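Chemist: Chain by chain, the residues:
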Amino acid sequence: MLIFDQVAIMTIDKLQEVFRKVFDKNDLVISADTSAKDIKSWDSLTHLELIASVEETFNVKFSFSEVMQFNTVGDMIRTIEKNTGNK
Amino acid sequence: MNFNSPEFLLFLLGVVAVNYFLPQRFRSIFLLIASAVFIGYYNFESLLTVLISSAFNFYISRKVSGNRLLYISGVILNSYAIIMFNYFFAAKHGFHFSYTVITFNINSFIIALGLSFYSLQNISYLTEVYFKRWQPESSIKNYVLYNTFFPRIMSGPVMTPGEFLLQIDRNIISSDKLISGFNRFLLGLLKKMVIADRLAPAVHSVFDFGDTYSGLTTLLGVYLFTIQLYFDFSGYTDMAIGIGRMLGYDLKENFNFPLRSSSVSEFWRRWHISLISWFTNYIYYPLVYKFRVYKKAAALFGILVTFLVSGIWHGIGYTFLLWAVCHIIYLSFELLTKNFRSRVSEKYNNLFFKLLFIFLVFNAVCFSNIFFRSQSLVRAFHIIKGVFNNFLPNGRIDLVAPLAIGGHQIDEFNFYISMLLMTMFLLFERRIMRFGSGRTLNAAYIIICFLLIFLFGIINSGERFIYMQF
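In order, the protein sequences belong to chains X and Y.
If you read the first sequence in this note's numbering, its first letter stands for residue 8, the second for the next number, and so on.
If you read the second sequence in this note's numbering, its first letter stands for residue 46, the second for the next number, and so on.
Treat the hints as calculated values from the structure; they're not laboratory data.
Nothing here was measured: the structure is a model prediction, and the numbers come from that model.
Result set (BS3-like, lysine-lysine): computed pairs, CA atoms no more than 27 Å apart in a straight line:
#1 X/Lys89 x Y/Lys335
#2 X/Lys68 x Y/Lys335
#3 Y/Lys340 x X/Lys21
#4 X/Lys68 x Y/Lys177
#5 X/Lys47 x Y/Lys392
#6 Y/Lys177 x X/Lys89
#7 X/Lys68 x Y/Lys341
#8 Y/Lys340 x X/Lys32
#9 Y/Lys341 x X/Lys21
#10 Y/Lys341 x X/Lys28
#11 Y/Lys392 x X/Lys28
#12 X/Lys47 x Y/Lys335
#13 X/Lys32 x Y/Lys341
#14 X/Lys32 x Y/Lys392
#15 Y/Lys297 x Y/Lys222
#16 X/Lys28 x X/Lys44
One chain only, chain Y, in its complex shape (with noise of 0.2 Å):
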């Protein structure tokens, strides 16, 4: 049941309503519920999964201020729950799998819904206790919430237990909360379906057939999956935080229009935001902090195994491997070189510049992504390899064919119709996004949206979201 579907849609409309009419004391434990059918309706393993996990994460809180070796049990615990999700997943895949003698019959296409993006949160909160920053939560309904909460469950936001569980006694749900809401789910829904959706068969195309085509076609379809990973996650999250408000929560914002960061640093502070400031609190500033003594180095180590963690957050595999190697040179480099570089973009303060730094930057991310995306190592050098060969295609049949498959023909005129989407969304991207963020009904933007998704949206039973699989 994706945000997408069908029946998603009719399940969410009854639990907003009754949500809404319920007396504020039933309404976290009415919430419980909602979430554990939510889960349980994708399949009963991940609702298993999620409530022991919470179970034994609320337990141990108890005992674990001060207490090292409960802490450390703890995280290595949640921590190891983490790999062995990405290795079920990768076994799935094709990876040889011989370290369990666990067997499972898993159909569904995850095994343990969110369990990389909770586990992250128990380790946050096992933290935020041994280091008595906070209290331990004193109810076991509150902190399974905080876990299972189903506008959060599939890939987050990851929340900090005071970004959270403050929110869960004191939620008031006022109009303008459900009109914001409801404004950014149309939002999201749109991102999703009229633009991530569309891009997807052009990138499964140059991404996994294994077919060379021009260097120009394979550069387009690799630009074309980072747009696709933005549009799907970023949509993911403003449908999550609109749920979240018609529910009377406020999730963390994950996104901060990062196409348009002129370094890579600054796209780290702007793409899958509550992820990246997960790994600066628990990784790089507490690494840095003890060996800041020495200084750069110690920055650069900890951008070395910050990235190297976020590599195997992401999946087991050398191509996780390579995308973290990348990121890990693109934020060294650009440690090394910021006051030089501070100094240029004050001398060259203009727009062509700016344009400039900002493809410079997408481009950076795009060959990342490719590692990201690919299936395989072998895979991904020949897509690198496909770009500088022949990269002038003989015509625009031969640049296009590739990317606008449509069932079994070219379908042409829908790919320039997903291109000019793309285009326009991308261009007026922050004017969308104040209509989205709106505390009030427009009629104009809510018809334009709908009539978007119907003519030009992707309806079928609800295609899943990309960071699902993480």
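Pulled out of the complex, with its shape left as it was, chain X reads as follows (with noise of 0.2 Å):
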């Protein structure tokens, strides 16, 4: 549980690195429930700029069904982990 927790913490650190180069926001902070809700510039013009370099960063390929299923940070980070094999 402490691992896939420490596991679950580097990836939300390395994907907040992505999305503050994506969205040029070098304070933005983000969570497990963040959403585009929160983040004004994260829309569908930009949501799969995003994905791409979440999957250059991680070294993932994202099918489509998963890319559609992405709400939150929370259900990046669990298909990162999955894809990963973290999980």
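Take the two lone chains, each set in its own frame, and fit them into one complex as the hints suggest.
Modeler: Structure below.
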């Protein structure tokens, strides 16, 4: 459980860097509950740019249906962990 | 038989009453018959087309799962139907059409009512089944009802199979639904008859006569068209949602106060929501997903293709193409400046800047709608030039005369009434909407609506809705 938590924290830290870079906002803080409603620039026009940057950073490939089901950062973390074999 | 015609109101009363008292298991077949009567009353060609299209898609969907060739053929045939429909519409309105050997003797305004809308539903259904996200529907009756359901047939809202088919055998009609449906229908009737149809003559005067007016008059006419379109189409949608609710169905929302948007991307999240979410889910996302490694370039390409397709969906011709180009430019600009604009809006987060951005977006949308409304490119450019020509009028009469046409004379008083009603509605839109979605019978709301409709509404045999042509 402790290991999973640490992995999740590392994932969210790395994700936060990606979010800051894509949305060009150095003070952006995200949590597992963060959704498009919380970040003004996160909409359908930028969603896949964000996804491509996440894929690059974590060296994973998401399927189309996975991408369509990302509603929160938490969904993203779960899929990353599933794809990288950390869960 | 439009929603605002006297014969429709009688038809609706009968259908709602019978449907309410019927046992649940007979309701879908009854609604199917009622929908067939509604469409057949419009014209026989429309009924035949929707039945053939539904049967065709129902049968190929049984074999389409994982069958790429069949899926692509189905998508092409449905898309071809939309394009043909638009060609026929264009042909009937002055374009030369020479790609068919079939000739029809069509007297009505529309050849195949709602074809562009239900063809999109057919494509989404085949896509969902092909990718195994949806099981093929086992009942042809339910599938035909999905396409023919009379509150939606004229102009949507476009719904995916998951949003509609699941409701067919599970719908419950409560007194809550009857009342809120009635309130919503009444709101739509008010928007259509008291605001949209009252603005129609002023818009007609600026867009269709080809005369030269003062720049300010032309600009007002251009603004009024966007407002007319909004009240016409959202009024239709309110009526469709209201009727759906009275029959036990929840239809998709299509508008969310779009004229209050402070960016064009926000506008497209609030205007014709069911259509734009269809385009987003079935064109934009799959395309950008495929090319996502190119990041912003992929998104720009997605915007380009999505809006070009949207332009063709609305109609064949250069006017719709230029309307689409306007939105491609707006959205591309917004995408490229998104982070910068986000920082600016955080810094200047006050009412003045909010109103300024709303005004700018409204102007951008109105500009694109010049092409949307004009009969030809020549006429559209004439109007654009007209805005900058002699901007200030020579006095009040010069300003309002072309807009305040009442038969063969100037009906200035009625024009001011129209402006007042429109302004009041726009200012208090959210509050009015609360009454329109109310679950209780509010005597004041009902009396005021009826009074406004009888005192100021355009009452005739039922003006058709602008979006019926698409």
